[in-house]
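Peer 1: What follows is each chain in one-letter form.
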Amino acid sequence: AQSVSQHNHHVILSEAASLELGCNYSYGGTVNLFWYVQYPGQHLQLLLKYFSGDPLVKGIKGFEAEFIKSKFSFNLRKPSVQWSDTAEYFCAVRTGGGNKLTFGTGTQLKVEL
Amino acid sequence: DGGITQSPKYLFRKEGQNVTLSCEQNLNHDAMYWYRQDPGQGLRLIYYSHIVNDFQKGDIAEGYSVSREKKESFPLTVTSAQKNPTAFYLCASSIQESAYNEQFFGPGTRLTVL
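Residue numbers (the working numbering), protein chains in the order written: chain A, 500 to 612; chain B, 178 to 291.
So here's chain A without its partners, still in its complex pose:
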């Protein structure tokens, strides 16, 4: 069965620092990849997704992620974080047919002023 690993469980950054959150998956076939974000008290929402084509995908609020097939990775990046980026971030993978997602354990990001 496929699995998703997010190695950073808690990250604390100062405003304007650069962000990179790691996501690795274990599956050798075709994958679709997602990053979801859960702001405090809000619904889980889609940040960005990769299906095919350009491995560098851009999402909302200045986030981007790069799919590196050889490394089975889909790391999330943002050049300069803001206090409002404080949230929990989840990486998810879809493999095979259907729309079943496998989620990583999440990364809690806290951005300090």
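Be careful, since some hints might not be right.
Derived list of chain A stretches under chain B, where covered just means 3 residues or more per stretch with a C-beta under 8 Å from a C-beta of chain B [said to hold, decoys possible]:
1. 508-515
2. 602-612
Sample of chain B residues with no beta-carbon within 12 Å of chain A, all distances over it, derived [what the hints assert, rightly or not]:
3. Arg190
4. Asn195
5. Asn205
6. Arg221
7. His227
8. Glu239
9. Gly240
10. Ser250
11. Thr254
12. Leu267
No wet-lab data here; the hints were simulated from the structure. Idealized CB from N, CA, C, for every residue including glycine.
Let chain A serve as the given structure and place chain B on it in line with the hints.
Peer 2: Same frame as chain A, but now just chain B:
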């Protein structure tokens, strides 16, 4: 205002009691999903439904049951057989059970079993 509603936001039950969590969507989505979120474990799929009157077990279906009698509704029952029911439960939906369709999530229900 389209979206997914889950009620109640907080739910308390005594051990041994069955409890049903509500999930309603007015997005006209065919597919619906139930996830369980525990600290440090991310989201895990409990059940999903591609179409009315059909549903499939997810990765952790034991101790749970669902029904899909209407397109807009997908209630989840947490039975007394679920060994550790205290958790945050999220409902989601998508246009179709297709990989290219984003899943939209509800606000969640936090269930505490005393």
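Peer 1: State for each hint whether it applies.
Peer 2: Okay, the hints, checked on the actual structure:
With a cut-off of 8 Å between beta carbons, the region 508-515 of chain A has 1 residues touching chain B; three or more are needed, and the interface restraint is violated. Residue count for the region 602-612 of chain A with a Cβ under 8 Å from a Cβ of chain B: 4. That meets the three needed, and the coverage hint holds. With a cut of 12 Å on Cβ distances, Arg190(B) stays outside the contact zone with chain A, its closest approach being about 23 Å. With a minimum CB-CB distance of about 26 Å to chain A, Asn195(B) clears the 12 Å threshold, and the non-interface call stands.
Non-interface call for Asn205(B) relative to chain A: holds, since the shortest CB-CB distance, roughly 16 Å, exceeds 12 Å. Chain A draws Arg221(B) into its interface by the beta-carbon criterion, the shortest separation being 7 Å against a cut-off of 12 Å. The beta carbon of His227(B) is not kept farther than 12 Å from every beta carbon of chain A, the shortest such distance being approximately 8 Å. Listed as outside the interface, Glu239(B) is consistent with that label: its C-beta sits roughly 16 Å from the nearest C-beta of chain A, beyond the 12 Å cut-off.
Distance check on Gly240(B): its Cβ is at least 20 Å (rounded) from any Cβ of chain A, clearing the 12 Å threshold; non-interface status holds. Every Cβ of chain A is farther than 12 Å from the Cβ of Ser250(B); the closest lies at roughly 18 Å, confirming the non-interface assignment. At roughly 21 Å from the closest C-beta of chain A, the C-beta of Thr254(B) stays outside 12 Å, upholding its exclusion from the interface. Distance check for Leu267(B) against chain A: the nearest CB is about 7 Å away, which does not clear 12 Å, and the non-interface claim fails.
The structure shown violates the earlier hints numbered 1, 6, 7, 12.
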